[in-house]
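The residues making up each chain are set out below.
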Amino acid sequence: DVKVTQSSRYLVKRTGEKVFLECVQDMDHENMFWYRQDPGLGLRLIYFSYDVKMKEKGDIPEGYSVSREKKERFSLILESASTNQTSMYLCASTFGNYNEQFFGPGTRLTVL
Amino acid sequence: GQSLEQPSEVTAVEGAIVQINCTYQTSGFYGLSWYQQHDGGAPTFLSYNALDGLEETGRFSSFLSRSDSYGYLLLQELQMKDSASYFCAVNTGFQKLVFGTGTRLLVSP
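Residue numbers (my numbering), protein chains in the order written: chain Z, 1 to 112; chain F, 1 to 109.
Hints are supplied without guarantee of correctness; some may be wrong.
Computed far set for chain F versus chain Z, every beta-carbon distance over 10 Å [unchecked claim]:
id : residue
1  : Ser8
2  : Val18
3  : Gln25
4  : Phe29
5  : Ser65
6  : Arg66
7  : Gln76
Here are a few chain Z residues that face chain F, going by a calculated C-beta distance under 7 Å [unchecked claim]:
id : residue
8  : Met27
9  : Asn31
10 : Gly40
11 : Gly42
12 : Thr94
13 : Asn99
14 : Glu100
15 : Phe103
16 : Pro105
Distance windows between CB atoms, simulated [stated by the list, open to error]:
id : chain 1 : residue 1 : chain 2 : residue 2 : range
17 : Z       : Gly63     : F       : Ser8      : 23 to 31 Å
18 : F       : Gly28     : Z       : Gly40     : 34 to 42 Å
19 : F       : Thr11     : Z       : Thr5      : 28 to 36 Å
20 : F       : Ala16     : Z       : Glu79     : 43 to 51 Å
21 : Z       : Arg108    : F       : Ala50     : 29 to 37 Å
22 : Z       : Lys18     : F       : Thr11     : 38 to 46 Å
Keep in mind that the hints were calculated from the coordinates and are not lab data. Yeah, the Cβ is synthetic: ideal placement off N, Cα and C, and Gly gets one too.
Based on the provided sequences and hints, a complete structural model is requested.
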């Protein structure tokens with residue numbers, strides 16, 4: 001079974017803090033994605049990566065950055081957290097041109 | 001801009017059939033996917049249509065008409081466990097997905 005894990009299920013941070021969200025997949029997938037999910041807005045793509053050290057902006061990259069130093073790990077970084085970044089963050093992975101994305105359980109981030 | 005429209009909520013009873021529609025307007029189109037998400041859970045993949053027509057997987061079927069920029073998910077023999085949110089998503093290229101806002105399906109006894 002494909003397994004995508006995320007470092008925390010719940011996280012509370014203060015405005016201005018630097019926040020790291022970690023995602024690890026165990027199936028040697030090339031492609032990894034970070035989404036945020038907000039009520040009424042669905043899932044929106046923040047950043048994605050096709051390979052180690054590669055990254056591409058998604059639809060809402062402002063205020064975020066990413067890091068992919070190893071194939072299995074994709075990190076989302078909030079350089080200076082703001083209250084409007086309070087959300088559910090979902091990581092996903094897939095390989096090649098495979099159509100199914102495999103999602104992690106999500107991290108619910110609250111920024112106070 | 002890019003947009004996918006789906007109804008916000010659909011209700012049905014056990015054993016019934018329900019159809020969730022999705023219309024899309026995107027800058028690129030390689031296929032339409034459907035995902036299911038239970039409350040508190042992760043989205044899970046249901047189906048993918050790259051070509052026009054109907055794809056059937058057990059009780060679930062998905063349809064695509066590229067000329068109409070339209071697709072739907074058909075759920076048959078509804079069960080209580082089908083109560084969940086359903087998202088359509090367009091592959092705009094390189095497995096990059098644009099998601100709809102989701103349809104909450106409530107199945108009652």
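The hints, checked one at a time:
{"no.": "1", "hint": "Ser8", "result": "violated, 8 Å"}
{"no.": "2", "hint": "Val18", "result": "holds, 19 Å"}
{"no.": "3", "hint": "Gln25", "result": "holds, 14 Å"}
{"no.": "4", "hint": "Phe29", "result": "holds, 13 Å"}
{"no.": "5", "hint": "Ser65", "result": "holds, 18 Å"}
{"no.": "6", "hint": "Arg66", "result": "holds, 16 Å"}
{"no.": "7", "hint": "Gln76", "result": "holds, 22 Å"}
{"no.": "8", "hint": "Met27", "result": "violated, 14 Å"}
{"no.": "9", "hint": "Asn31", "result": "holds, 6 Å"}
{"no.": "10", "hint": "Gly40", "result": "holds, 6 Å"}
{"no.": "11", "hint": "Gly42", "result": "holds, 4 Å"}
{"no.": "12", "hint": "Thr94", "result": "holds, 6 Å"}
{"no.": "13", "hint": "Asn99", "result": "holds, 4 Å"}
{"no.": "14", "hint": "Glu100", "result": "holds, 4 Å"}
{"no.": "15", "hint": "Phe103", "result": "holds, 4 Å"}
{"no.": "16", "hint": "Pro105", "result": "holds, 5 Å"}
{"no.": "17", "hint": "Gly63(Z) <-> Ser8(F): 23 to 31 Å", "result": "holds, 27 Å"}
{"no.": "18", "hint": "Gly28(F) <-> Gly40(Z): 34 to 42 Å", "result": "violated, 25 Å"}
{"no.": "19", "hint": "Thr11(F) <-> Thr5(Z): 28 to 36 Å", "result": "holds, 35 Å"}
{"no.": "20", "hint": "Ala16(F) <-> Glu79(Z): 43 to 51 Å", "result": "holds, 49 Å"}
{"no.": "21", "hint": "Arg108(Z) <-> Ala50(F): 29 to 37 Å", "result": "holds, 34 Å"}
{"no.": "22", "hint": "Lys18(Z) <-> Thr11(F): 38 to 46 Å", "result": "holds, 44 Å"}
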